[in-house]
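Engineer: Chain by chain, the residues:
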Amino acid sequence: MRKTLKEIALEIGGEVVGDESIVITGVSSIKEAAIGDITFLSNPKYAPLLETTCASAVITSRDIAAPASKKAIIRTENPSLAFSKVISFILPETLKHPKGIHPSAIVSKNAKLANDVALGAYTVVEEGAKIGQGSIIYPSCYIGQDVEIGAGTLIYPNVSIRERTVIGSRVIIHSGTVLGSDGFGFVTVEGKHRKIPQVGIVEISDDVEIGANVTIDRARFDKTFIGRGTKIDNLVHIAHNVIVGENCFIVAQVGISGSTVIGNNVILAGQAGLVGHINIGDNAIVTAQSGVSKSVPANTTVSGYPARPFMYQQRVNACIQNLPKLSGLLKELKLRIEELEKKIGIKK
Amino acid sequence: MRKTLKEIALEIGGEVVGDESIVITGVSSIKEAAIGDITFLSNPKYAPLLETTCASAVITSRDIAAPASKKAIIRTENPSLAFSKVISFILPETLKHPKGIHPSAIVSKNAKLANDVALGAYTVVEEGAKIGQGSIIYPSCYIGQDVEIGAGTLIYPNVSIRERTVIGSRVIIHSGTVLGSDGFGFVTVEGKHRKIPQVGIVEISDDVEIGANVTIDRARFDKTFIGRGTKIDNLVHIAHNVIVGENCFIVAQVGISGSTVIGNNVILAGQAGLVGHINIGDNAIVTAQSGVSKSVPANTTVSGYPARPFMYQQRVNACIQNLPKLSGLLKELKLRIEELEKKIGIKK
Amino acid sequence: MRKTLKEIALEIGGEVVGDESIVITGVSSIKEAAIGDITFLSNPKYAPLLETTCASAVITSRDIAAPASKKAIIRTENPSLAFSKVISFILPETLKHPKGIHPSAIVSKNAKLANDVALGAYTVVEEGAKIGQGSIIYPSCYIGQDVEIGAGTLIYPNVSIRERTVIGSRVIIHSGTVLGSDGFGFVTVEGKHRKIPQVGIVEISDDVEIGANVTIDRARFDKTFIGRGTKIDNLVHIAHNVIVGENCFIVAQVGISGSTVIGNNVILAGQAGLVGHINIGDNAIVTAQSGVSKSVPANTTVSGYPARPFMYQQRVNACIQNLPKLSGLLKELKLRIEELEKKIGIKK
Numbered sequence: 335m336r337k338t339l340k341e342i343a344l345e346i347g348g349e350v351v352g353d354e355s356i357v358i359t360g361v362s363s364i365k366e367a368a369i370g371d372i373t374f375l376s377n378p379k380y381a382p383l384l385e386t387t388c389a390s391a392v393i394t395s396r397d398i399a400a401p402a403s404k405k406a407i408i409r410t411e412n413p414s415l416a417f418s419k420v421i422s423f424i425l426p427e428t429l430k431h432p433k434g435i436h437p438s439a440i441v442s443k444n445a446k447l448a449n450d451v452a453l454g455a456y457t458v459v460e461e462g463a464k465i466g467q468g469s470i471i472y473p474s475c476y477i478g479q480d481v482e483i484g485a486g487t488l489i490y491p492n493v494s495i496r497e498r499t500v501i502g503s504r505v506i507i508h509s510g511t512v513l514g515s516d517g518f519g520f521v522t523v524e525g526k527h528r529k530i531p532q533v534g535i536v537e538i539s540d541d542v543e544i545g546a547n548v549t550i551d552r553a554r555f556d557k558t559f560i561g562r563g564t565k566i567d568n569l570v571h572i573a574h575n576v577i578v579g580e581n582c583f584i585v586a587q588v589g590i591s592g593s594t595v596i597g598n599n600v601i602l603a604g605q606a607g608l609v610g611h612i613n614i615g616d617n618a619i620v621t622a623q624s625g626v627s628k629s630v631p632a633n634t635t636v637s638g639y640p641a642r643p644f645m646y647q648q649r650v651n652a653c654i655q656n657l658p659k660l661s662g663l664l665k666e667l668k669l670r671i672e673e674l675e676k677k678i679g680i681k682k
Numbered sequence: 335m336r337k338t339l340k341e342i343a344l345e346i347g348g349e350v351v352g353d354e355s356i357v358i359t360g361v362s363s364i365k366e367a368a369i370g371d372i373t374f375l376s377n378p379k380y381a382p383l384l385e386t387t388c389a390s391a392v393i394t395s396r397d398i399a400a401p402a403s404k405k406a407i408i409r410t411e412n413p414s415l416a417f418s419k420v421i422s423f424i425l426p427e428t429l430k431h432p433k434g435i436h437p438s439a440i441v442s443k444n445a446k447l448a449n450d451v452a453l454g455a456y457t458v459v460e461e462g463a464k465i466g467q468g469s470i471i472y473p474s475c476y477i478g479q480d481v482e483i484g485a486g487t488l489i490y491p492n493v494s495i496r497e498r499t500v501i502g503s504r505v506i507i508h509s510g511t512v513l514g515s516d517g518f519g520f521v522t523v524e525g526k527h528r529k530i531p532q533v534g535i536v537e538i539s540d541d542v543e544i545g546a547n548v549t550i551d552r553a554r555f556d557k558t559f560i561g562r563g564t565k566i567d568n569l570v571h572i573a574h575n576v577i578v579g580e581n582c583f584i585v586a587q588v589g590i591s592g593s594t595v596i597g598n599n600v601i602l603a604g605q606a607g608l609v610g611h612i613n614i615g616d617n618a619i620v621t622a623q624s625g626v627s628k629s630v631p632a633n634t635t636v637s638g639y640p641a642r643p644f645m646y647q648q649r650v651n652a653c654i655q656n657l658p659k660l661s662g663l664l665k666e667l668k669l670r671i672e673e674l675e676k677k678i679g680i681k682k
Numbered sequence: 335m336r337k338t339l340k341e342i343a344l345e346i347g348g349e350v351v352g353d354e355s356i357v358i359t360g361v362s363s364i365k366e367a368a369i370g371d372i373t374f375l376s377n378p379k380y381a382p383l384l385e386t387t388c389a390s391a392v393i394t395s396r397d398i399a400a401p402a403s404k405k406a407i408i409r410t411e412n413p414s415l416a417f418s419k420v421i422s423f424i425l426p427e428t429l430k431h432p433k434g435i436h437p438s439a440i441v442s443k444n445a446k447l448a449n450d451v452a453l454g455a456y457t458v459v460e461e462g463a464k465i466g467q468g469s470i471i472y473p474s475c476y477i478g479q480d481v482e483i484g485a486g487t488l489i490y491p492n493v494s495i496r497e498r499t500v501i502g503s504r505v506i507i508h509s510g511t512v513l514g515s516d517g518f519g520f521v522t523v524e525g526k527h528r529k530i531p532q533v534g535i536v537e538i539s540d541d542v543e544i545g546a547n548v549t550i551d552r553a554r555f556d557k558t559f560i561g562r563g564t565k566i567d568n569l570v571h572i573a574h575n576v577i578v579g580e581n582c583f584i585v586a587q588v589g590i591s592g593s594t595v596i597g598n599n600v601i602l603a604g605q606a607g608l609v610g611h612i613n614i615g616d617n618a619i620v621t622a623q624s625g626v627s628k629s630v631p632a633n634t635t636v637s638g639y640p641a642r643p644f645m646y647q648q649r650v651n652a653c654i655q656n657l658p659k660l661s662g663l664l665k666e667l668k669l670r671i672e673e674l675e676k677k678i679g680i681k682k
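Each protein sequence line maps, in turn, to chains S, V and W. Each residue of the first sequence is one higher than the last, beginning at 335 in the numbering used here. Each residue of the second sequence is one higher than the last, beginning at 335 in the numbering used here. Each residue of the third sequence is one higher than the last, beginning at 335 in the numbering used here.
Simulated from the structure, these hints should not be mistaken for lab results. Hints are supplied without guarantee of correctness; some may be wrong.
If chains are identical, the list can't say which one is meant, so a pair holds when it fits in one copy or spans any two.
[Unchecked claim] Subject to a maximum C-alpha distance of 27 angstroms in a straight line, what follows is the list of computed DSSO-like cross-link-like pairs (lysine-lysine):
| hint | residue 1 | residue 2 |
| --- | --- | --- |
| 1 | K404 | K677 |
| 2 | K337 | K668 |
| 3 | K405 | K419 |
| 4 | K379 | K677 |
| 5 | K464 | K340 |
| 6 | K419 | K340 |
| 7 | K676 | K443 |
| 8 | K419 | K526 |
| 9 | K405 | K340 |
| 10 | K379 | K365 |
| 11 | K404 | K365 |
| 12 | K365 | K628 |
| 13 | K668 | K557 |
| 14 | K430 | K464 |
| 15 | K677 | K419 |
| 16 | K404 | K433 |
| 17 | K379 | K443 |
| 18 | K668 | K443 |
| 19 | K446 | K529 |
| 20 | K628 | K419 |
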């Protein structure tokens with residue numbers, strides 16, 4: 335959708351300072367924005383970004399000075415709320431999602447589909463499954479027995495959802511993802527690994543997005559749980575009985591071992607690995623490729639292997655970087671001590 | 335299935351010490367067990383766990399003292415064998431697996447299916463494929479030309495099995511997994527990478543379990559091989575010509591490069607990576623995120639990057655942790671030596 | 335295909351030195367070759383490999399001496415070009431790829447397929463898609479709206495290609511791979527992560543090969559791009575707006591973050607991770623498991639976390655390995671300094 339600043343200002347109840355005829359075609363964060371984007375600025379601390387952002391316009395609060403750069407702004411009462419509205423109507427020309435039930439979709443007669451659900455070709459919906467209002471499932475997906483899917487959820491092709499998985503509303507699941515595969519649980523009896531039945535479920539809360547080729551295992555008992563608004567990137571592995579809080583970011587190729595509990599607003603950066611049975615506190619950040627072997631307190635950033643507080647780890651890394659020099663100095667000091675000992679008559 | 339201790343004791347020929355009416359609903363290892371579980375204890379060394387386990391009952395040998403905690407036990411001749419029987423009959427209420435050949439499954443007329451094979455909707459079985467007694471294949475799987483599958487094997491939705499792959503009996507393969515994709519082999523001719531044909535196969539032995547979205551590449555010649563009873567977690571990559579022994583655990587997101595040979599009972603923990611053309615001896619353990627660059631002797635635990643013996647690596651890690659302090663001490667000693675040199679009249 | 339050396343020499347215009355009746359069944363690089371293989375040697379520097387290669391025959395230039403080992407060689411004007419021809423006709427007995435359009439394939443009437451395209455069972459081709467001469471798509475693939483696929487491209491089962499992806503000619507895509515899933519882009523408004531629409535595309539150039547269960551995300555705007563001749567192994571993640579040059583090798587489980595630019599002939603070894611918004615110069619090599627946090631100049635090898643020049647990193651690793659000893663030495667020197675200080679009468 336293309337909108338002029340004038341049209342946008344009207345929709346959000348704001349005033350344009352600058353050229354009202356600028357056409358907006360996208361939305362972005364202030365740092366990542368490109369020409370044609372609109373973005374927003376809530377925190378006066380970041381006002382300097384108004385001068386440097388590539389966005390074509392910025393939604394600001396009423397008390398922010400017009401930028402020296404003449405960048406167009408729209409002043410409003412609540413910039414983040416206004417921006418949130420803008421995201422909803424500046425959407426790209428929409429892809430034609432599947433509509434209706436494709437004749438080749440196989441739906442158990444015991445499944446319950448809201449009247450406007452869309453199912454792509456060759457999708458299979460097993461008995462007892464329930465799919466809510468407006469949900470769209472692309473071709474060749476598998477929706478297992480007694481799976482529950484909320485309203486407005488979007489599932490791309492070739493997704494496998496095993497029995498009894500519960501999925502909320504407005505969830506997005508990308509292609510190739512597997513929800514509800516068996517947890518990796520065995521007991522070794524006389525040298526052979528016997529399977530421990532994994533009879534729990536996976537539950538995905540509202541507004542979660544799950545990338546492509548992700549795997550989330552079902553719990554042994556009870557549930558593996560992903561909290562509301564959490565966003566998961568591609569190729570992430572989440573083991574059985576993991577609990578993830580709300581509004582987390584779990585970046586590509588992260589692995590979380592069994593029964594670990596992640597708080598709210600946590601960021602796990604790419605390729606990080608977490609052992610099982612630990613707690614990651616609210617707002618914690620685990621940097622890329624870290625190996626987390628014990629619990630992380632809330633509001634802490636950890637890094638490295640084994641993961642330690644970020645600032646300490648930075649010092650350790652600087653020392654490591656400097657090791658060849660330290661090692662050389664140590665050898666030099668040894669010689670100097672030997673010379674001193676000789677002079678003074680200490681025999682070694 | 336729910337069983338009382340009395341019923342279980344009867345089935346395994348044991349004697350209950352404690353409340354016979356306790357109802358068991360699951361099985362687990364002694365440390366991981368929860369209320370409702372039964373577990374077992376073979377090794378008297380672990381008898382203290384009898385006091386702390388959350389299991390509702392424990393199968394023990396006849397010479398173990400009844401626990402002070404009054405925990406219910408069942409005494410038998412051979413606890414691990416008895417437990418093994420219990421696993422078989424304490425199973426969760428079974429999921430309704432596909433039954434029979436779904437009319438939409440496409441089976442080449444040259445394929446040979448045992449009379450009770452189940453094929454889900456939209457599964458394709460190519461010519462020359464053979465599928466054994468009681469094997470169940472969920473919807474939307476691809477079973478390539480001349481693939482052989484044993485008896486009692488279970489394959490979940492959206493699995494791709496390329497031509498000539500051989501799969502044993504009682505194998506479980508989770509959704510999204512790909513067996514027999516081409517090995518990553520190229521020869522560079524005048525700056526361009528030309529494909530080396532990968533004409534070998536993948537062979538999966540009996541009782542193997544393979545997680546979701548795993549990839550196991552076909553060999554260049556000969557075979558990529560997974561030994562009997564080995565369990566592979568999600569998102570693992572196994573390259574061409576790798577040989578894996580029996581009863582190994584390969585945890586999520588491990589990567590094994592081409593032609594590496596893994597012994598029996600090896601544990602590769604999560605996100606570990608192994609270079610190609612090395613040997614990992616029997617019973618070796620590679621800890622999480624390790625990078626293994628050379629062969630590992632049998633019965634050894636290795637850790638870190640490049641992977642070294644675990645105990646040594648622990649000391650190295652302690653030193654690394656301590657580096658800022660060591661670095662400070664080194665600077666202090668330098669000053670003290672300078673002072674000594676000055677006192678004694680050594681000029682530097 | 336089996337060919338004698340005599341037949342091969344005839345095809346490439348070369349002269350056999352040695353037994354003309356040797357039968358060749360495969361092709362390989364000189365180091366990896368096995369009995370039955372033919373390989374080639376262009377660079378006289380590597381002539382010693384002629385004595386040690388396991389290949390049954392080697393194509394060489396006219397000025398290379400016959401090997402002492404009596405290894406059969408074929409002399410030609412241009413060994414690499416000749417070898418390139420041999421690869422084309424020494425191919426394994428060909429797999430029967432799908433032929434024609436399977437009656438169960440669903441093709442939008444607005445899709446444009448060249449007359450000899452093959453579509454496997456249950457493959458779905460959405461409206462506006464174009465597929466070129468001789469391309470083969472296996473069963474259960476999804477080819478989204480307006481996708482363009484060149485000539486001679488091969489796509490294995492269960493591949494998902496989202497709308498508007500552009501794929502060149504002679505591309506190979508292995509099973510389970512997802513092209514064009516949404517980039518991982520959000521803007522946080524009042525604590526909630528709002529999706530930034532990802533309206534760009536993925537473009538895959540000619541002669542690229544992509545392994546199994548790979549994910550390549552569509553760009554936010556513009557395109558995520560893979561250059562001609564690049565080869566990508568299994569379970570690799572390539573984020574939105576990444577640009578990869580020509581003839582690169584991206585080994586299994588590598589992750590590349592958003593907007594990073596990779597030059598030509600770059601090698602990213604297994605499990606390496608790259609942060610976003612950096613440049614990797616032509617011919618650079620990133621060793622396995624490295625974490626690359628800043629740009630890498632052309633013709634450089636980097637290693638470790640954070641990645642540093644390989645030779646320096648080797649020294650650092652040697653020092654790390656030696657840390658317990660260094661640490662012990664440091665303590666010893668401290669004692670010796672204390673003794674010296676006492677002798678001399680310095681009080682600490």
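Engineer: Hint numbers the structure violates, sorted upward?
Structural biologist: When the structure is compared with the hints, numbers 1, 2, 4, 5, 7, 13, 15, 16, 17, 18, 19, 20 turn out to be violated.
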